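Make the full structure from the sequences, and use the hints.
Under this note's numbering, think of the first position of the sequence shown as 729, with each following residue one higher.
Don't take each hint at face value.
[To be verified] In silico DSBU-like cross-links for lysine-lysine, where the CA-CA straight-line distance does not exceed 30 Å:
| no. | residue 1 | residue 2 |
| --- | --- | --- |
| 1 | K1108 | K1041 |
| 2 | K1007 | K841 |
| 3 | K1108 | K1197 |
| 4 | K850 | K1041 |
| 5 | K803 | K1133 |
| 6 | K1041 | K1007 |
| 7 | K931 | K969 |
| 8 | K1041 | K795 |
| 9 | K926 | K1041 |
| 10 | K880 | K850 |
| 11 | K970 | K926 |
| 12 | K1171 | K1099 |
| 13 | K1108 | K1133 |
In short, the hints are calculated from the structure, not lab data. Please read these numbers as outputs of a predicted model, since none were measured by experiment.
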Amino acid sequence: MTKAYKIILLFLIFCAWPTIARAATLSLVPSTGSHSVGDTFSLTVIVGSADQAMNAASGQISFPADKLVVASVSKDASVISLWVEEPSFSNSDGTVRFEGVVLNPGFIGASGKIITIHFRAKAPGEATIMFTSGSVLANDGQGTNILSEFKKSTFVLKSLSSTAPVEASLSQDEDVDETLSDEGAPIVVSATHPDTSKWYANKNPEFSWKLPNGALEVRTLIGSFPRSVPTISYRPPISSKKVDDLPDGTYYFHLQIRTDEGWGAIAHYRVNIDTTPPKAFTITFPHGNVGAENRPVVLFNTTDDLSGIDYYKVKTGDRDFYTLLPGDIVVSNPHVLPLHTPAVHSIEVLAFDTAGNVSRAQGSFEVVGLKPPQITNVPKELPHGDLLIIEGRTYPNATVVGVLKNAEEEEEEEAKLADGQPTFTNMMGRFTLVWPARLNPGKYTFTAFVVDQNGVTSAETSPIFIHVKSPGVLSFNIFGLQPLLFIGIIVIVLFIVENGMRYVLHRFFGAENKAQKQIECIEQEVNSAMSNMRDEASKGKDINKVSKAAMDSLERMEKILINQDKK
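What follows is the structure, encoded as structure tokens:
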């Protein structure tokens, strides 16, 4: 019996163990409700983990985008300490997302608030809001998912015509000018609040009407009920009324006129007053307000208790404001800013409610440009006719753009490798840029910048000066020898030839006079050869022509010797 009891006990513990290990829930509170079209209501995302500490939660919530609009998402009083993914929503997709971490020792409890979602009803029907995915991780060092249940919410959204009884305050979006007044009632108009369906930031409404012939008395009343009977009498009758300093809210002006036939039908005129700006809000940067991203992501939202948020206006730096329309107020949040250059930029967001009140939030962000490329090899002097080849290193798999300016003509060219193709760096970030055209003689400055795969651009490098030399005696070489050295060798050769001839004539012919004449002829030829070479070089002639002049001189000296021998 004891053994059987132990087996049964172990079996029960084993069966109960998964329930204990996976006891966390994600709930939407309240679970039910009823709202009229145009109403704003809140839904709180709750995590429950009464038996085990949790340290992370994530989820995606879906809602019918044809019936509901998310006005904003609030993180106030959240148990989440660090947001891995800022709460965001998309009214076009009908989704809300969140992901966050609870720092040690985690959270244990039945009702921990994660976020609050503010919805607005936009169409009648049944709206079910539910989780499509999610997780709750235990603070056990292993990240065990202990989520066991999702809890959804269902709301009934009623059309404006079904909000009876008539003594109840009607929805803020209903036009009641024609539907509330009794048949045959006088027509009431308002110069300050002409549209009964709109909200106005004016707390001093004025009303006027026409008195029929034989009017004896007028009764008026203003209050929060749509079909009250007026009680304040005016005798003689008045044809206009101004009410001063009304608090924010929806009111109904009631008018009744008495003639000889008695009291007529009652007119009811709705007026909506909202002089309070939207709630204060801040601009946050989910990815930080300093970075290389030139289209930063920002997050901002707020709510308005009465008239609701109508639209936002956003401005960065000296640019003009642009508008984010509602209802679609912010179709997706966070919002991606337009393209910005590397610098510190200011940002200003204005939130307008439908009455025209405005709240303002300001901030700043910095786009940190990429570091300029590092040039590792560039010729400071370039012989005319040679290609310009530049080497360097920067970020891997990026594009390097070289900019060459003629310092004398102030003309700018731009090249991205030969034939105008981009210069791509390799996996190590190294690159070689070959200028596509041979450069004319002159002085140039070279700079370069890099563009990464996201389109982020760096600043340019400091200018590097390059001198393309003119063709001439200083612009060529032959057999690897510098021009002056080559000419010097020719002079030495001619000197040796001259003295050799002097020795030969003296040694073998013994004819001083004859030798002297030969030497004089050779000296004249040497001087002539040197003069010709200098002229050719100074005129910028090719080295081959200079060399040819030297060879012609040697041939003439040889002929002199031959002629002298014949004599």
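Here's how the hints hold up against the structure:
no.: 1; hint: K1108 x K1041; verdict: 53 Å, violated
no.: 2; hint: K1007 x K841; verdict: 21 Å, holds
no.: 3; hint: K1108 x K1197; verdict: 11 Å, holds
no.: 4; hint: K850 x K1041; verdict: 23 Å, holds
no.: 5; hint: K803 x K1133; verdict: 54 Å, violated
no.: 6; hint: K1041 x K1007; verdict: 15 Å, holds
no.: 7; hint: K931 x K969; verdict: 14 Å, holds
no.: 8; hint: K1041 x K795; verdict: 26 Å, holds
no.: 9; hint: K926 x K1041; verdict: 21 Å, holds
no.: 10; hint: K880 x K850; verdict: 20 Å, holds
no.: 11; hint: K970 x K926; verdict: 19 Å, holds
no.: 12; hint: K1171 x K1099; verdict: 27 Å, holds
no.: 13; hint: K1108 x K1133; verdict: 14 Å, holds
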